[in-house]
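Engineer: Chain residues, written in single-letter form:
Protein chains: 4
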Amino acid sequence: MPLLFKNPRIITSTDDYGADVYCVGEQITRIERSIDPKSCAPGTEVIDASGKYLFPGFIDPHVHVYLPFMGTYAKDTWETASRAALVGGTTTLIEMICPGKGDEPMAAFETWLSKASGVSSCDFSFHMGVTRFDPAVERQFREIVKRGVTSFKVFLAYKGALGVDDRELFHTLRLAKELGVVVTAHCENETLVSELQSQLLAAGKTGPEWHEPSRPPRVEAEGVHHLMTFAELTGAEVYVVHTSCDEAVGEATRAISRGVNAHIEVVLPHLILDKSFAERPGFEGAKYVMSPPLRDKQQTERMWNHLRSRAVSTVGTDHAPFDFETQKVMGKPPAGDFTKIPNGIPSVENRVDLLFTHGVCTGRIDLHTFVDAASTQAARVFGLHGKGTIAVGADADLVVYDPGYRGAIRAKSHQMATDYSAFEGWETKGRASVVTVRGRVMARDGEFVGKPGTGRLVPRGR
Amino acid sequence: MPLLFKNPRIITSTDDYGADVYCVGEQITRIERSIDPKSCAPGTEVIDASGKYLFPGFIDPHVHVYLPFMGTYAKDTWETASRAALVGGTTTLIEMICPGKGDEPMAAFETWLSKASGVSSCDFSFHMGVTRFDPAVERQFREIVKRGVTSFKVFLAYKGALGVDDRELFHTLRLAKELGVVVTAHCENETLVSELQSQLLAAGKTGPEWHEPSRPPRVEAEGVHHLMTFAELTGAEVYVVHTSCDEAVGEATRAISRGVNAHIEVVLPHLILDKSFAERPGFEGAKYVMSPPLRDKQQTERMWNHLRSRAVSTVGTDHAPFDFETQKVMGKPPAGDFTKIPNGIPSVENRVDLLFTHGVCTGRIDLHTFVDAASTQAARVFGLHGKGTIAVGADADLVVYDPGYRGAIRAKSHQMATDYSAFEGWETKGRASVVTVRGRVMARDGEFVGKPGTGRLVPRGR
Amino acid sequence: MPLLFKNPRIITSTDDYGADVYCVGEQITRIERSIDPKSCAPGTEVIDASGKYLFPGFIDPHVHVYLPFMGTYAKDTWETASRAALVGGTTTLIEMICPGKGDEPMAAFETWLSKASGVSSCDFSFHMGVTRFDPAVERQFREIVKRGVTSFKVFLAYKGALGVDDRELFHTLRLAKELGVVVTAHCENETLVSELQSQLLAAGKTGPEWHEPSRPPRVEAEGVHHLMTFAELTGAEVYVVHTSCDEAVGEATRAISRGVNAHIEVVLPHLILDKSFAERPGFEGAKYVMSPPLRDKQQTERMWNHLRSRAVSTVGTDHAPFDFETQKVMGKPPAGDFTKIPNGIPSVENRVDLLFTHGVCTGRIDLHTFVDAASTQAARVFGLHGKGTIAVGADADLVVYDPGYRGAIRAKSHQMATDYSAFEGWETKGRASVVTVRGRVMARDGEFVGKPGTGRLVPRGR
Amino acid sequence: MPLLFKNPRIITSTDDYGADVYCVGEQITRIERSIDPKSCAPGTEVIDASGKYLFPGFIDPHVHVYLPFMGTYAKDTWETASRAALVGGTTTLIEMICPGKGDEPMAAFETWLSKASGVSSCDFSFHMGVTRFDPAVERQFREIVKRGVTSFKVFLAYKGALGVDDRELFHTLRLAKELGVVVTAHCENETLVSELQSQLLAAGKTGPEWHEPSRPPRVEAEGVHHLMTFAELTGAEVYVVHTSCDEAVGEATRAISRGVNAHIEVVLPHLILDKSFAERPGFEGAKYVMSPPLRDKQQTERMWNHLRSRAVSTVGTDHAPFDFETQKVMGKPPAGDFTKIPNGIPSVENRVDLLFTHGVCTGRIDLHTFVDAASTQAARVFGLHGKGTIAVGADADLVVYDPGYRGAIRAKSHQMATDYSAFEGWETKGRASVVTVRGRVMARDGEFVGKPGTGRLVPRGR
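Chains as they are written, first to last, in the working numbering: chain L, 3 to 464; chain S, 3 to 464; chain A, 3 to 464; chain F, 3 to 464.
Only chain L is shown next, with the shape it has when bound in the complex (with noise of 0.2 Å):
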């Protein structure tokens, strides 16, 4: 059914104007000043936007769904996440594919486009894990680029576990930069985590506080130097996922300036949150455990100014959504420790609305600041064509937002399948009244109304 949008205020990048928006099929095919709905194909649902703005559909190119962890999986599936997404403003999320060191990652592959195709309500794509590399894999990798999956996602953390070597470092990003594809990596060094933390326990520090002690901003310093200084020797382009800190920030782009080629990004709760929240009192610190961890108050304020400076290129979330009473109590002292409580804040339905209340609302970013880091630069650095702006020809992933709602947010009401929010009780500024992917309408008003399973793997270039 075409859809036409009247009388919006259309946020872009770089863009500020009003103007109607027609789509026809799965793409925007006309904007003009005015569109007069009679000049539309017949059965044209008309949309007002009087007194909102229309962004492009934004897009989380850092979320985990499909993630199996200790003999149990994270309690979303492509259904919920999808319409927590779609609810929460988000058209398009990336996955990362996590074969374990022993798997094949063309089956890993299939495995996890199967759980997201058929499923998923909301456009997606994936980065491919590289946990182990061998000309074998090699040879998988290069046909899953050919599908489109432009991407590699490594770890210098979890050695052992997911982690590469140096050696297999190397030549991920030789052959990244043989494809023209981007690595996407998660910076730590493992060694230094694994030690600290068991320092800690053998001292009795077992409980959530003690995470981010376990691994400090030098770890994670240390941990981007280290990617740029193999990027630097291979030209291949990288992006460093969850910077929290000054620190890591540095070391990044001190490389830019030396010529690397290089993105930052940085999630949502690096933005917002604190460690003050691990340390909350009966466990409840489980809640805010993710890695790299919060970190003080003040690098928080840091964050904010690498993102309005554009230094960091886009905001994610690093959604993994464990729950709080059956999951994360895994770690809980005495039986556990702060090392098994499963990583992760789900955050992928909160994000759009949490970025904008802190963000825009309190005049840290501007709006063509956030549209760019949390939809347009995903896009252009992932490849994913007709994503991230609204042109004609792009598809018709639209975002009409009310800037004047008022909300708060609680775990018993959100479409995300965990038993608790981060975020309970938050005051959020603002809302999406209606948002489509690729034409149809999918949420009004903080409901999902698709159809569900309509969601497309996006094919992407380099």
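Because the hints were derived from the structure by calculation, they are not lab data.
These numbers come from a predicted model, not from an experiment.
A hint or two may mislead.
Taking lysine-lysine and the DSS-like style, the derived pairs with C-alpha atoms no more than 30 Å apart in a straight line are [what the hints assert, rightly or not]:
{"id": "1", "chain 1": "L", "residue 1": "K77", "chain 2": "L", "residue 2": "K40"}
{"id": "2", "chain 1": "S", "residue 1": "K207", "chain 2": "S", "residue 2": "K179"}
{"id": "3", "chain 1": "A", "residue 1": "K299", "chain 2": "L", "residue 2": "K207"}
{"id": "4", "chain 1": "L", "residue 1": "K8", "chain 2": "S", "residue 2": "K8"}
{"id": "5", "chain 1": "L", "residue 1": "K299", "chain 2": "A", "residue 2": "K207"}
{"id": "6", "chain 1": "A", "residue 1": "K179", "chain 2": "F", "residue 2": "K103"}
{"id": "7", "chain 1": "A", "residue 1": "K342", "chain 2": "A", "residue 2": "K414"}
{"id": "8", "chain 1": "F", "residue 1": "K103", "chain 2": "L", "residue 2": "K103"}
{"id": "9", "chain 1": "S", "residue 1": "K207", "chain 2": "S", "residue 2": "K299"}
{"id": "10", "chain 1": "L", "residue 1": "K414", "chain 2": "L", "residue 2": "K334"}
{"id": "11", "chain 1": "L", "residue 1": "K40", "chain 2": "S", "residue 2": "K8"}
{"id": "12", "chain 1": "A", "residue 1": "K414", "chain 2": "L", "residue 2": "K277"}
{"id": "13", "chain 1": "S", "residue 1": "K431", "chain 2": "L", "residue 2": "K431"}
{"id": "14", "chain 1": "L", "residue 1": "K207", "chain 2": "L", "residue 2": "K179"}
{"id": "15", "chain 1": "S", "residue 1": "K414", "chain 2": "S", "residue 2": "K334"}
{"id": "16", "chain 1": "F", "residue 1": "K8", "chain 2": "L", "residue 2": "K207"}
{"id": "17", "chain 1": "F", "residue 1": "K453", "chain 2": "F", "residue 2": "K8"}
{"id": "18", "chain 1": "S", "residue 1": "K431", "chain 2": "L", "residue 2": "K179"}
{"id": "19", "chain 1": "A", "residue 1": "K40", "chain 2": "F", "residue 2": "K277"}
{"id": "20", "chain 1": "F", "residue 1": "K299", "chain 2": "F", "residue 2": "K334"}
{"id": "21", "chain 1": "F", "residue 1": "K277", "chain 2": "S", "residue 2": "K299"}
{"id": "22", "chain 1": "L", "residue 1": "K161", "chain 2": "F", "residue 2": "K103"}
{"id": "23", "chain 1": "F", "residue 1": "K299", "chain 2": "F", "residue 2": "K277"}
{"id": "24", "chain 1": "L", "residue 1": "K207", "chain 2": "L", "residue 2": "K77"}
{"id": "25", "chain 1": "L", "residue 1": "K161", "chain 2": "F", "residue 2": "K179"}
Take a look, some chain S residues computed to stay more than 12 Å from chain L by CB distance [claimed, not checked]:
{"id": "26", "residue": "E106"}
{"id": "27", "residue": "Y160"}
{"id": "28", "residue": "K179"}
{"id": "29", "residue": "A204"}
{"id": "30", "residue": "P218"}
{"id": "31", "residue": "P283"}
{"id": "32", "residue": "H308"}
{"id": "33", "residue": "P335"}
{"id": "34", "residue": "V451"}
Glycine included, each C-beta is placed from N, C-alpha and C at the ideal position.
Following the hints, put chains S, A and F in place on chain L, whose structure we already have.
Structural biologist: This is chains S, A and F only, laid out in the frame that chain L set:
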């Protein structure tokens, strides 16, 4: 006359797509996959842009046109400069209003405005030069800002002549902060320049090749550091014009990562020329004297890096059109010396083509960075509403660009009024086929075809 | 009378050993494992130093004694200041000669010299203050250097009053380079200070707690960067006095690693006091007003780090002895304001003991660093031949130091002429048991026992 | 036999004075302005040092003597190496004990000790190589430290062969912190080296000129950054051996200013040779192959700057004596390649003279820095009690140095066992006239004159 651009490949800061663009009156009114000319108003001119790019009109945020100098004037008038700009794809110029220390700002504003109004064929705006600061001039600056000139320009160099002292700098920045306007600054420490000049001249080093040693990178970095400190302590938004070297950019980026609100400009000559040009024998080096001076060859590659990484926001020219035979010659030894050579390299006509040739065609920057740096960022930073983009409601300032064109630069055929070109004989790849300003075709294939004097002062926001 | 020091543990910058030290006339003439008193000249005084350290006489390279201020004078004379120094283990002071802008340097030199000659009980030298620069004063500076005052002092702060402008700074440095003398510099940007002061006062912020916000770290860092640039371009050797913060030290060390010939001083207050002292209620904060101001607590630890790493060469005091009740009070609101508080924290008497107590006894620095920073480096940088070491032929300026002594600081019993101590009641560990200057015992166990007025101008090299 | 040094100019890290020095037994027992030979013990040898410097015996903290390599051995023995050292003014060597990964540390310690004991004519100590780390070897390291070898050596390069992994590095540093010993480290990322080597060889780049491109500055800076991170998180004291470039020194100094306890060494070749030597035709470049490699010419001046500013503490050699004709040749193409060339530039004999010639005589460093870097700092950092100074009670390791001597370096006449000199034909200014070790004259005017095998393991503190 309405215009219809058929079949272009539209390139903006963020987008790359095919669609038709229809303009009525002065603005873009409709963008659609395919627009049937028959559906357009009678008399619509159809411009075939098949196989060509459609760019937003380019903006040069740093030019001098009306420029009194030692009893004479720079060669261009707004008539010649605006023609040169248009032929070269530039549709908006921002000139500096440059009152003497004793002049009244408002009178200077009126003078500079009168030189352009009704004369310029392209659109224009101004940076208001602050060459002294006291309560009387402050009132005038407030009035000038109200009239839409929402940026200031200060010189940390040329103290005594145009330069401001620290107290004036502080108060200018404080006023700018209050008014929400940007302060652009020429950053070189003038005392060091003048002392080094004296030392060189005393040592008999009088030729143009001594211009660069009289203002080495550290002198420029000092100026940038100084501006950054003042910006940090006043909270003002600043813009460093014509950074020429890694040291200067480094001081700015370090400040930006501390939270200073600063933008960085590079000008064309510092990307494609180096100091060996100023060392050419027989006083030919004088053609290449500007300030900050041309630097070592390796600095040019670093500036490209900073442009690619987007540390540098904009590419201007610092166009300052002095003749070689009658004006540059004023600094010819033995009668003269290098400090008497009028500064400037005429290049407003060549910026777009040379940036395309040496940037895009060599792969140093992509098409989006090209548009962003040569058009969009200037519009955003300086509040040139309706400029720097291709969107419905934006001014119909458009450039149909033929990437297949091959040409060469010749002074005898250029539009600028100067008797030489700094790029004599250089090959260019690409050329503007059609250039429009607010819906009027002003240039075609290297020829000015518009109605002279139809340019307008652009109303600017903050 | 010859002296024989028996059984000390001798500590120098680099050595730690046991030997006897014999002094005849004014110098050390013999060092030997064990010297039989019987082999010494008749009348030799034997000083038992068993269980004690023998240090070279300490040197304070940064004091003010004769200090005219707003119609009055700082409280100390050379009589009281030199006694205080000696009791505290300091045997040589370097004072700043501080002519007004209109004064003749040579006359100022004679004035300052006359205040110390025949009055001071310790040895002394001067930094020649350069408060203006023209050919007439240049001739006088050359003469003063010939007379052994081989260092200059400039203020980048206090422009208009004592400060020099950029031209004067350049020429001072160039002269210093030619003469091979060091330029010491107080680095704060004076315009920023004066503007921030005005803003604070206008906002009713008049108490001593607003002194620090009126000259934040960035203002100091700006001054250091400025000096470094000028040093780099003239090739002169420079010495940054009283750096108070990481930002200032960082600017200097970055310059040093580019090849700038610079030294860094910290003064005692910035190591052991922080700005919370200046925030004490009831105007008591005025006791702690000096410039650069006391900083955040965390800055003090960073300064200890820089001292330990030897980035900081010397520890002085910037002793400036104003009374609290009659002088500091001049800045008391409502009549006064913080800008009227005479700057300075009297500490020439306490430097050695407090550095030992808070540096050596806490393990922050070792004994060698203690001696190096509080004695040897001042001698080396400023060419105080025969000082700062324990070696045959060196001046017999020696301190027998008892590390086991425990005491407390009290204004009522100190030697300084001021009516308060910034360290009232503070515990000290260690004290000078015996202090000699050129072979004469001047102090014992906290008492001055010498012949007054026997100090001498130290002949200095370059 | 007692020694009396008459009339020398004594130079130490901090002092410069004239006095006579008397030594009885192994130590300096008396320093006095003038010592009458008649007052000395019968049989005292009087050494006339008029017009000459008296320096403390020089210390080379970084040599290899016993060095198994691919089935053969480096050419020197302790007999030849110690003679070469002594003739060149070096009285103490610190060699690395280099067990294979499977070897027992204690057995290696005994082996290396046996090669030197009773054979070396100069004093010596060792850095204990840590090439693997587990509880069994930890016990042995504790024992070795008790026996006076109070420093470790790790390789971040050569992983698989000698290198340690991150876990081993962490535990080595933690043990060192506990024991209060220093960890010296060769910092290059080995994976990058091996991958770059493979790429170059695959491209047919097999000559010695490709050695430097296989381990560029960034590879070394990465190693330094890595070590600094681990030092910061363990609190251990570290010492970076043979830094070759500004990038590496920069990573260390940045860490030091954060508070990391680190020292920096440069070795002679990186001060006076550059990579053009390794590019000499006819495989002669192989003589100049060492790791980190010789760098660009401009890097050498930066290293001198870092030495002058004292950012660099020590100057060693990394003496590794392989023959050109029989050993370096193993890497000769076509059979061999540059990775097969034994690494090292023999220079233990030339360090002092070349540092004097190229450092002191050119004015790059002064005499104090010369002594400090080539002797005193090595003694302080490594706890060589009684070494590195001229003081009563110190070992009578003394060098009478004739600054007026002019000579040239020739392989045919040098003491080292290698068949070539990297400095063939180079002019030297200055030479040791007399060299003593613990009161015994060991060399005179370029000839070894001592009793062979009288060197001793130096007992070291922490």
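Engineer: Confirm or reject each hint.
Structural biologist: Verification of the hints:
For a cut-off of 30 Å, the pair hint linking K77 of chain L to K40 of chain L is broken: about 47 Å separates their Cα positions. With a C-alpha separation of about 43 Å, the suggested pairing of K207 of chain S with K179 of chain S is violated against the 30 Å cut-off. Between K299 of chain A and K207 of chain L the CA atoms are separated by roughly 28 Å; this keeps the pair inside 30 Å, and the hint holds. Straight-line distance between C-alpha atoms of K8 of chain L and K8 of chain S comes to about 26 Å, which keeps the hinted pair within the 30 Å bound.
Taken as a hint, the K299 of chain L and K207 of chain A pair is honoured in the structure, with Cα atoms around 28 Å apart against an allowance of 30 Å. Pair hint K179 of chain A plus K103 of chain F does not hold up; C-alpha atoms about 56 Å apart against a cutoff of 30 Å. Taken as a hint, the K342 of chain A and K414 of chain A pair is honoured in the structure, with Cα atoms around 26 Å apart against an allowance of 30 Å. The straight-line distance between the Cα atoms of K103 of chain F and K103 of chain L is roughly 27 Å, inside the 30 Å bound, and the hint therefore holds.
Under the criterion of a C-alpha separation no larger than 30 Å, the hint pairing K207 of chain S with K299 of chain S is consistent with the structure, at around 22 Å. As the CA atoms of K414 of chain L and K334 of chain L are separated by approximately 23 Å, the hinted pair is consistent with the 30 Å bound. A distance of roughly 25 Å separates the Cα atoms of K40 of chain L and K8 of chain S; the hinted pair therefore holds under the 30 Å criterion. A hinted pair counts as satisfied when its Cα atoms are at most 30 Å apart, and K414 of chain A with K277 of chain L does not qualify at roughly 49 Å.
With a C-alpha separation of about 50 Å, the suggested pairing of K431 of chain S with K431 of chain L is violated against the 30 Å cut-off. A hinted pair counts as satisfied when its Cα atoms are at most 30 Å apart, and K207 of chain L with K179 of chain L does not qualify at roughly 43 Å. For the suggested pair K414 of chain S and K334 of chain S, the alpha carbons sit about 23 Å apart, so the restraint of at most 30 Å is met. Using a Cα cut-off of 30 Å, the hinted pair K8 of chain F and K207 of chain L is violated, with the two alpha carbons roughly 65 Å apart.
For a cut-off of 30 Å, the pair hint linking K453 of chain F to K8 of chain F stands: about 24 Å separates their Cα positions. Under the criterion of a C-alpha separation no larger than 30 Å, the hint pairing K431 of chain S with K179 of chain L is consistent with the structure, at around 28 Å. For the proposed pair K40 of chain A and K277 of chain F, the alpha carbon gap of about 64 Å is over 30 Å, so the pair is violated. Our distance criterion of 30 Å between C-alpha atoms is met by K299 of chain F and K334 of chain F, whose separation comes to about 25 Å.
A hinted pair counts as satisfied when its Cα atoms are at most 30 Å apart, and K277 of chain F with K299 of chain S qualifies at roughly 22 Å. For a cut-off of 30 Å, the pair hint linking K161 of chain L to K103 of chain F stands: about 22 Å separates their Cα positions. Restraint check for K299 of chain F and K277 of chain F: the C-alpha separation of about 7 Å stays at or below 30 Å, so the hint holds. For a cut-off of 30 Å, the pair hint linking K207 of chain L to K77 of chain L stands: about 28 Å separates their Cα positions.
Distance restraint check for K161 of chain L and K179 of chain F: the Cα-Cα separation of roughly 26 Å lies within the 30 Å cut-off, and the hinted pair is therefore satisfied. Residue placement check: E106 of chain S keeps its beta carbon more than 12 Å from all beta carbons of chain L (closest about 35 Å). Distance check on Y160 of chain S: its Cβ is at least 29 Å (rounded) from any Cβ of chain L, clearing the 12 Å threshold; non-interface status holds. Look at K179 of chain S: its CB is around 14 Å from the nearest CB on chain L, clear of 12 Å, so calling it non-interface holds up.
Every C-beta of chain L lies more than 12 Å from that of A204 of chain S, the closest at about 38 Å, which supports listing it as non-interface. The claim that P218 of chain S is not at the interface with chain L holds, since no C-beta of that chain comes within 12 Å of its own (minimum 20 Å). Interface exclusion of P283 of chain S from chain L stands, the closest Cβ pair being 34 Å apart, more than 12 Å. At the 12 Å boundary, the C-beta of H308 of chain S falls inside the reach of chain L, the nearest C-beta of that chain being 7 Å off.
With a least beta-carbon separation of about 39 Å from chain L, P335 of chain S lies farther than 12 Å from that chain, consistent with its non-interface assignment. Here V451 of chain S stays apart from chain L, with its beta-carbon at least about 28 Å from theirs, past the 12 Å limit.
Comparing the model with each earlier hint shows violations of hints 1, 2, 6, 12, 13, 14, 16, 19 and 32; every other hint is respected.
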